[in-house]
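Protein chains in written order, with the working numbering: chain A, 19 to 354; chain B, 19 to 354.
Be aware that one or more of the hints could be misleading.
When chains are identical, the list treats them as one kind, so a pair holds in a single copy or across two.
Derived lysine-lysine pairs resembling DSSO-like cross-links, with alpha carbons at most 30 angstroms apart [unchecked claim]:
#, residue 1, residue 2
1, K260, K232
2, K112, K261
3, K286, K178
4, K112, K276
5, K307, K29
6, K40, K261
7, K40, K98
8, K112, K29
9, K112, K232
10, K232, K307
11, K112, K178
12, K40, K112
13, K178, K40
14, K40, K307
15, K275, K112
16, K261, K178
17, K160, K29
18, K260, K112
19, K98, K29
20, K40, K276
21, K232, K160
Hints are computed from structural coordinates only; laboratory data are not their basis.
Protein chains: 2
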Amino acid sequence: MPELRQDPATKQWVIIATERAKRPEDYSIDSEQVEHPDYSESCPFCPGNEAMTPPEEFAYRTNGTEADTEGWWVRVIPNKFAALVPDGDLGRIKENGFFRRMSGVGKHEVVIESPIHNATIETMDLRQIEEILLIYRDGFSKLSQDRRFQFVTIFRNHGKLAGTSLIHPHSQMIATPIVPLHIRHRLEEAMRYYDDNGECVFCGMLAEELEIQKRVVLETEDFVAFEPFASSAPFETWIMPKKHAATYGSISIDDAKKFAAVLSRIMKRIYIDLSDPDYNYMIHTAPFKDANENWYHWFIQIVPRLTMIAGFELGSRVFINTTPPEAAAEFLRQGI
Amino acid sequence: MPELRQDPATKQWVIIATERAKRPEDYSIDSEQVEHPDYSESCPFCPGNEAMTPPEEFAYRTNGTEADTEGWWVRVIPNKFAALVPDGDLGRIKENGFFRRMSGVGKHEVVIESPIHNATIETMDLRQIEEILLIYRDGFSKLSQDRRFQFVTIFRNHGKLAGTSLIHPHSQMIATPIVPLHIRHRLEEAMRYYDDNGECVFCGMLAEELEIQKRVVLETEDFVAFEPFASSAPFETWIMPKKHAATYGSISIDDAKKFAAVLSRIMKRIYIDLSDPDYNYMIHTAPFKDANENWYHWFIQIVPRLTMIAGFELGSRVFINTTPPEAAAEFLRQGI
Chain A
19 MPELRQDPAT KQWVIIATER AKRPEDYSID SEQVEHPDYS ESCPFCPGNE AMTPPEEFAY
79 RTNGTEADTE GWWVRVIPNK FAALVPDGDL GRIKENGFFR RMSGVGKHEV VIESPIHNAT
139 IETMDLRQIE EILLIYRDGF SKLSQDRRFQ FVTIFRNHGK LAGTSLIHPH SQMIATPIVP
199 LHIRHRLEEA MRYYDDNGEC VFCGMLAEEL EIQKRVVLET EDFVAFEPFA SSAPFETWIM
259 PKKHAATYGS ISIDDAKKFA AVLSRIMKRI YIDLSDPDYN YMIHTAPFKD ANENWYHWFI
319 QIVPRLTMIA GFELGSRVFI NTTPPEAAAE FLRQGI
Chain B
19 MPELRQDPAT KQWVIIATER AKRPEDYSID SEQVEHPDYS ESCPFCPGNE AMTPPEEFAY
79 RTNGTEADTE GWWVRVIPNK FAALVPDGDL GRIKENGFFR RMSGVGKHEV VIESPIHNAT
139 IETMDLRQIE EILLIYRDGF SKLSQDRRFQ FVTIFRNHGK LAGTSLIHPH SQMIATPIVP
199 LHIRHRLEEA MRYYDDNGEC VFCGMLAEEL EIQKRVVLET EDFVAFEPFA SSAPFETWIM
259 PKKHAATYGS ISIDDAKKFA AVLSRIMKRI YIDLSDPDYN YMIHTAPFKD ANENWYHWFI
319 QIVPRLTMIA GFELGSRVFI NTTPPEAAAE FLRQGI
């Protein structure tokens with residue numbers, strides 16, 4: 019019997035289509051395994067090709083090396099094909115008094131995650147993943163100091179179905195001058211839960227998951243990786259800090275390292291168990307002005323793109339998930 | 019300069035990335051044009067193979083022919099791999115008092131749009147499209163009489179990127195025992211606009227579009243096809259009735275035929291101009307109980323799947339659209 023499940027934090031429904039429940043091997047995964055070189059002369063993200071990108075915003079690099087030269091191990095640059103640009107007026111412009119637009123002011127940055135062309139976060143060594151998570155934090159912090167911006171989305175696209183065909187490992191940060199409506203709805207629901215219960219709904223969720231234990235993939239002293247009750251997609255995985263924190267921007271170096279250890283193990287499992295699937299991950303975090311709220315909680319959402327987003331999902335935003343999270347968790351746990 | 023635009027009806031923002039504005043030929047469209055036969059022995063949707071599907075719900079068929087035999091020209095059957103099933107209890111079940119689920123009660127139907135295996139709605143004759151739109155109406159009406167259901171999504175997936183690999187032309191109807199949260203948010207915003215202005219926001223939008231004329235693709239006496247101001251995707255097209263009506267369920271036979279004439283011309287343009295792209299269309303309509311509201315308005319949303327939904331879109335639900343709707347409208351208008 020299929021189920022309708024409601025995300026306790028957002029109140030969004032998903033359909034868990036148990037009738038056609040699938041194991042990982044049932045997804046028609048494009049397992050074309052192309053070998054890529056560790057350096058590509060034409061890749062703008064490879065060391066030595068720094069002049070092929072816009073000037074870097076900042077980088078973690080060897081002391082004494084200059085910006086936009088070799089010597090970095092993680093590098094943040096403006097996206098050459100930026101969706102939003104740093105200059106412009108923030109005012110609303112009305113067309114015929116009815117339509118509202120504003121200049122596309124924002125910042126769209128690329129995090130080059132490694133100098134090695136064919137590295138993947140799934141197989142990188144832990145130290146490198148720590149550096150990536152720390153540079154996210156520093157990027158977030160810099161963007162949050164620009165008073166024109168209200169929110170930043172940090173995300174990674176891996177593979178064509180997830181929106182990228184670039185091989186060189188990278189993720190992106192987009193700062194927007196507005197809080198997306200979807201995020202505002204999430205915040206409102208979380209606030210309502212806090213009003214009713216006096217606790218953060220995500221803290222509540224973690225406590226429940228740890229008690230029930232059916233969807234937990236990995237628990238450490240400070241983080242929990244689990245398949246959410248209302249997973250929108252097969253093998254959707256969240257990693258959440260146990261300690262309440264609304265914003266990723268305030269993560270400590272120590273906690274970023276602990277987060278890296280969990281992220282590394284989870285990404286490796288997904289890479290192996292699902293045959294290097296296309297996926298996206300997104301860091302969910304509070305808007306800058308809500309950084310200290312008691313009712314929101316940052317986490318990373320990893321979504322393997324094993325099924326297509328079709329008309330029902332586009333029209334209703336109710337996702338049909340063909341692998342129950344309990345089955346996904348059991349499967350991923352085996353290899354952990 | 020890119021722009022942030024807000025949908026006046028839903029308040030959702032999109033990014034119109036004018037910096038990298040693309041014309042249709044710039045999309046890396048998979049133009050693999052495979053020829054398919056007009057009949058396939060193994061296709062469960064082809065005439066003569068009726069026994070390969072679950073028993074039909076209803077069909078438009080030649081007088082005297084029996085259900086589940088040949089003689090139909092449009093046929094509605096239960097989806098063999100249904101996301102929701104017709105039997106079960108509607109009560110909410112609580113897991114640990116925190117998580118809410120309910121049985122996956124609903125109805126998931128397939129509309130077989132033609133007996134001809136390789137027909138496409140883009141090239142079908144008008145009479146057949148009229149029949150499809152009428153059978154949607156009848157299906158909608160039947161589903162709305164089941165008191166367990168609150169809402170129905172009618173949609174079409176065309177092509178792999180849009181979620182189907184079946185060739186035989188078909189669309190789907192899913193009745194749900196809940197109103198999806200996304201739809202509730204849309205309704206709330208539309209109601210708020212009505213409270214402020216005493217008119218339906220979609221009626222207002224139509225009036226604006228007809229005055230501005232920059233995004234209109236085709237206007238007839240009763241329908242308008244246009245690229246919405248805050249299009250979420252390149253060449254996203256809406257077709258909306260001029261006369262206010264909250265629900266598709268109440269469309270008259272005459273209006274369905276007029277709608278078919280516009281849909282046919284638009285789908286043909288998209289088919290030719292964008293080289294038979296993968297696409298979804300969805301009929302947006304009010305929940306059953308709101309069928310007579312003054313503040314909601316049905317329409318069809320056609321979304322060519324020329325770009326991928328990536329991490330930014332999944333995380334923020336802000337879509338990046340690389341073709342401004344004004345440019346898309348100008349292009350589509352040329353062939354109309």
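Verification of the supplied hints:
no.	hint	result
1	K260 <-> K232	within (18 angstroms within a copy, 52 angstroms between copies)
2	K112 <-> K261	between (44 angstroms within a copy, 26 angstroms between copies)
3	K286 <-> K178	both (19 angstroms within a copy, 28 angstroms between copies)
4	K112 <-> K276	neither (48 angstroms within a copy, 33 angstroms between copies)
5	K307 <-> K29	both (24 angstroms within a copy, 21 angstroms between copies)
6	K40 <-> K261	neither (34 angstroms within a copy, 45 angstroms between copies)
7	K40 <-> K98	between (40 angstroms within a copy, 16 angstroms between copies)
8	K112 <-> K29	between (33 angstroms within a copy, 14 angstroms between copies)
9	K112 <-> K232	between (51 angstroms within a copy, 15 angstroms between copies)
10	K232 <-> K307	neither (35 angstroms within a copy, 38 angstroms between copies)
11	K112 <-> K178	neither (37 angstroms within a copy, 39 angstroms between copies)
12	K40 <-> K112	between (49 angstroms within a copy, 25 angstroms between copies)
13	K178 <-> K40	both (22 angstroms within a copy, 19 angstroms between copies)
14	K40 <-> K307	neither (42 angstroms within a copy, 36 angstroms between copies)
15	K275 <-> K112	neither (47 angstroms within a copy, 36 angstroms between copies)
16	K261 <-> K178	neither (35 angstroms within a copy, 42 angstroms between copies)
17	K160 <-> K29	between (33 angstroms within a copy, 28 angstroms between copies)
18	K260 <-> K112	between (45 angstroms within a copy, 24 angstroms between copies)
19	K98 <-> K29	between (37 angstroms within a copy, 29 angstroms between copies)
20	K40 <-> K276	neither (32 angstroms within a copy, 43 angstroms between copies)
21	K232 <-> K160	neither (39 angstroms within a copy, 40 angstroms between copies)
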